[in-house]
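Please build the complete structure, drawing on both the sequences and the hints.
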Amino acid sequence: AQSVTQLGSHVSVSEGALVLLRCNYSSSVPPYLFWYVQYPNQGLQLLLKYTSAATLVKGINGFEAEFKKSETSFHLTKPSAHMSDAAEYFCAVTLLSGNTPLVFGKGTRLSVIA
Amino acid sequence: EADIYQTPRYLVIGTGKKITLECSQTMGHDKMYWYQQDPGMELHLIHYSYGVNSTEKGDLSSESTVSRIRTEHFPLTLESARPSHTSQYLCASSVLTSPYGEQFFGPGTRLTVL
Numbered sequence: 001a002q003s004v005t006q007l008g009s010h011v012s013v014s015e016g017a018l019v020l021l022r023c024n025y026s027s028s029v030p031p032y033l034f035w036y037v038q039y040p041n042q043g044l045q046l047l048l049k050y051t052s053a054a055t056l057v058k059g060i061n062g063f064e065a066e067f068k069k070s071e072t073s074f075h076l077t078k079p080s081a082h083m084s085d086a087a088e089y090f091c092a093v094t095l096l097s098g099n100t101p102l103v104f105g106k107g108t109r110l111s112v113i114a
Numbered sequence: 001e002a003d004i005y006q007t008p009r010y011l012v013i014g015t016g017k018k019i020t021l022e023c024s025q026t027m028g029h030d031k032m033y034w035y036q037q038d039p040g041m042e043l044h045l046i047h048y049s050y051g052v053n054s055t056e057k058g059d060l061s062s063e064s065t066v067s068r069i070r071t072e073h074f075p076l077t078l079e080s081a082r083p084s085h086t087s088q089y090l091c092a093s094s095v096l097t098s099p100y101g102e103q104f105f106g107p108g109t110r111l112t113v114l
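Here the protein sequences come in this chain order: A and B.
The first sequence stops at residue 114 when you use the working numbering, and every number in between is there.
The second sequence stops at residue 114 when you use the working numbering, and every number in between is there.
Take these hints with a grain of salt, some might be off.
[Claimed, not checked] With the Cβ distance kept under 8 Å, some of the chain A side facing chain B (calculated, not the full set):
{"no.": "1", "residue": "Lys49"}
{"no.": "2", "residue": "Phe67"}
{"no.": "3", "residue": "Glu88"}
{"no.": "4", "residue": "Phe90"}
{"no.": "5", "residue": "Pro101"}
{"no.": "6", "residue": "Leu102"}
Note that these hints are calculated values from the structure, not bench results.
Glycine included, C-beta positions come from ideal geometry on N, C-alpha and C.
See below:
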């Protein structure tokens with residue numbers, strides 16, 4: 001069965017610093033991978049998705065993620081953090097068929113310090 | 001505009017009451033899901049549906065029930081609410097034929113049972 005592990009339940013960065021949120025997946029077949037963001041009192045919003053077309057995926061709000069099969073990782077990065085990036089971030093995986101519900105990680109809360 | 005709606009956004013009720021959380025989508029999606037999100041952020045899939053008259057239980061055992069009589073509507077019902085049901089409930093939908101399976105989320109219902 002597929003699963004994702006997000007390292008660090010809480011990450012704190014200074015405004016303007018690099019954002020790195022870690023996600024490792026486990027899947028016996030090639031996966032589709034997603035990053036979602038959740039702002040306070042809102043639902044989840046899709047940031048970006050890996051669908052095997054390109055290993056470096058660019059998303060909204062300046063975020064990107066790189067799929068590394070050898071490391072079974074899909075880490076989320078942003079070169080320069082902004083105060084508005086403070087939110088909860090979830091990594092998710094599904095099988096290549098796309099016919100199974102997404103499996104979510106436990107989430108990482110990002111704090112941005114002025 | 002195509003979207004996914006949840007009502008009410010906030011609900012405070014007493015123990016023993018019957019409640020229904022509403023979820024509707026105008027995106028034309030066949031698949032719909034209910035997640036329970038605990039205070040530690042983690043998402044737990046409690047119910048899902050792949051179409052009209054199709055419902056399945058998710059990974060987390062739940063005392064709630066769902067129905068899918070219309071494609072666009074997927075209500076969740078608690079026959080007798082208890083304080084342990086206090087949580088955020090998120091509804092999501094996705095396209096049945098999408099090869100990627102990304103899900104789109106509603107804004108959530110925050111339920112408090114006193």
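Query raised in the report: Taking the closest Cβ pair, is Glu88(A) under 8 Å from chain B?
Result: holds, 5 Å
Query - Hint status (Cβ of Phe67(A) to nearest Cβ of chain B, threshold 8 Å) - result: At 14 Å from the nearest chain B Cβ, Phe67(A) fails the 8 Å test, so the hint is violated.
**Report entry** Leu102(A) as an interface hint toward chain B, with CB separation required under 8 Å
**Finding:** holds, 6 Å
Requested in this report: Against chain B, run the beta carbon of Pro101(A) and see if the smallest gap drops under 8 Å.
Outcome: Since the shortest Cβ distance to chain B is 6 Å, the answer is holds.
Requested in this report: Would you settle whether the hint for Lys49(A) is holds or violated, based on the nearest Cβ-Cβ distance to chain B being less than 8 Å?
Outcome: Holds. Min distance 6 Å.
Query raised in the report: Does Phe90(A) meet its interface restraint, that is, does its C-beta lie within less than 8 Å of any C-beta in chain B?
Result: holds, 7 Å
The structure shown violates just one earlier hint, number 2.
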